[in-house]
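J.: Based on the sequences and whatever the hints tell you, model everything.
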Amino acid sequence: MLLLGLALGAGLYWFLMQQWRGQQDRAFQEREEQMRLMMRAAEEKSEVAEREAKLLATSERLRIEEQLKEQYRGRQEELERLKQRFDKREEQLDRKFDQLDQREREVDRRRNQVEQDVRTLEQRKEACQKQEEAAAQRLEEVAGLTAEQARAQLMEGLQEQVRREAANFMKRSEEEARENADRKAQEIMGSAIQRLAGEFVVDRTVTVVAITSEEMKGRIIGREGRNIRALEAATGCDLIIDDTPEAVVISGFNPVRRQVARQALEELITDGRIHPARIESVVKKAEKSVNNEIREAGERAIFELGLTGIHPDLVKLVGTLKFRTSYTQNVLSHSVEVARFAGMMAEELGLDFNMARRCGLLHDIGKAVDHEVQGSHAVIGGQYAKKYKEHPLVVNAIWSHHFDIEPISVYGPLINAADALSAARPGARRENVETYIKRLEQLESVAMEFPGVEKAFAIQAGRELRVMVAYDRVKDEGAMTLASEIASRLENEMTYPGQIRVTVIREMRATAVAQ
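Positions 1 to 515 (this note's numbering) are the ones given, in order, by the sequence shown.
Everything labelled a hint here was simulated from the structure, so no lab data went into it.
Predicted model, so just to flag it, every value in this text is computed and none were measured.
Each hint should be verified, as a subset may be incorrect.
Label pairs and their calculated CB-CB ranges [stated by the list, open to error]:
id, residue 1, residue 2, range
1, G218, L62, 19 to 29 Å
2, V114, A510, 54 to 64 Å
3, E449, T495, 14 to 24 Å
4, E78, G309, 57 to 67 Å
5, D404, R109, 51 to 61 Å
6, S251, V373, 16 to 26 Å
7, F403, L100, 35 to 45 Å
8, E78, V107, 36 to 46 Å
Capping the alpha-carbon separation at 25 Å, the derived lysine to any residue pairs in SDA-like fashion look like this [claimed, not checked]:
id, residue 1, residue 2
9, K217, D238
10, K217, D87
11, K83, E224
12, K88, G74
13, K284, I228
14, K387, G309
15, K475, M508
16, K125, R138
17, K54, E44
18, K125, R110
19, K69, S59
20, K387, F303
21, K284, A230
22, K88, I228
Glycine included, each C-beta is placed from N, C-alpha and C at the ideal position.
T.: Structure, rendered in structure tokens:
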């Protein structure tokens with residue numbers, strides 16, 4: 001029984017072990033199958049991910065290649081433009097060199113011709129001297145008079161004739177002077193304005209804006225120049241972008257527009273976003289800022305002078321004068337100064353202090369719009385003051401401060417005097433000392449280049465040039481010619497206000513000592 005029980009237990013154990021091993025084998029096979037499925041799924045996912053990565057890399061590479069091609073085309077276009085400019089410059093230089101060679105040949109030809117003419121003249125001069133000596137000897141024989149006696153008789157007759165002609169000439173000159181005085185005065189004033197304007201007109205019509213890098217110039221120009229065209233159209237000013245390093249020049253005769261263009265361009269450069277839509281919005285913002293600045297400047301000037309009741313449009317015109325200059329003097333500062341001068345003089349004369357200041361502040365109001373309205377700034381200012389219901393005395397003082405019309409009160413001459421005081425004040429409209437000294441030195445150096453000149457002195461602040469010449473090298477007739485030549489040389493080579501009188505002095509001194 002015991003053995004039978006053991007045998008049954010062993011058989012049961014063996015059966016159970018077989019069952020367990022079968023279950024373990026099936027579980028192991030199931031796990032292996034799951035592992036194979038998971039590995040296959042992982043391989044498929046990795047293949048998909050690899051294909052997606054390749055597609056993304058290909059797309060990014062194509063995008064970068066397109067950007068590089070676009071930049072390359074832009075650089076190529078810029079290089080082509082630069083090449084065309086260099087080619088034009090080279091052609092211009094070649095033409096100039098050809099012109100210089102041609103002029104040099106022409107100068108050599110003329111020099112040879114002049115030398116030949118001089119030799120011919122010397123020969124003719126010798127022949128004429130011989131003929132003159134022979135003719136004088138023949139005349140003495142025929143007339144029975146010596147040369148000194150004939151000369152004395154001729155001089156007596158000529159002196160009387162010269163006196164009569166001189167009297168007639170003086171009478172005619174006085175009549176012509178009266179007839180041509182106004183015309184000559186206009187010519188002199190026009191010439192003075194033309195010469196003086198050359199020194200500062202450029203500085204008063206351009207504004208220079210600094211940029212961070214040369215690359216910014218290309219961004220300001222934009223593709224095919226669309227950015228610079230949009231900026232010029234929005235501001236009404238010209239933008240000059242040349243070889244000047246890290247600078248853009250804004251050119252325009254309207255100072256308010258130049259100020260708007262400067263502020264807009266500086267904001268665009270700082271922001272970095274430059275395109276037509278952005279340019280339009282920035283220009284509008286700059287216009288609003290400049291208008292506020294103009295209004296604040298006008299209100300500040302009126303507040304400083306203690307004036308009230310001025311029309312808002314006149315306040316804006318007063319503020320606009322901040323951006324105007326006259327003979328290098330700021331017009332708003334000049335107007336405030338004239339108002340103060342007029343107020344001081346009115347107090348001394350027992351006149352209305354506030355009325356005088358009001359006239360002084362508004363006397364140049366026409367200069368705010370004289371580039372838009374035709375006529376004298378005094379006339380324009382008077383018309384605007386009348387339009388905005390200013391007091392008749394103020395209107396007349398503005399209108400008559402340059403005597404375009406007759407003044408009806410003492411305020412017209414008072415404003416004229418205050419205007420002259422402000423303009424003539426030391427430092428108001430005067431060139432700096434360095435420029436002044438250089439102009440005087442240039443005056444003297446020009447005169448010293450002429451043969452026969454010993455000394456030259458620029459006096460009366462450069463309004464007169466006195467030239468001392470050697471009496472043995474320059475004759476009396478040559479002194480007059482020398483003065484004319486120096487004056488002509490100054491007109492062609494120098495820029496100066498008004499006129500310069502050239503005086504040539506020829507003097508002979510003889511000294512003896514009595515012992």
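J.: Hint by hint, where does the structure go against what was stated? Just the numbers, ascending.
T.: 2, 7
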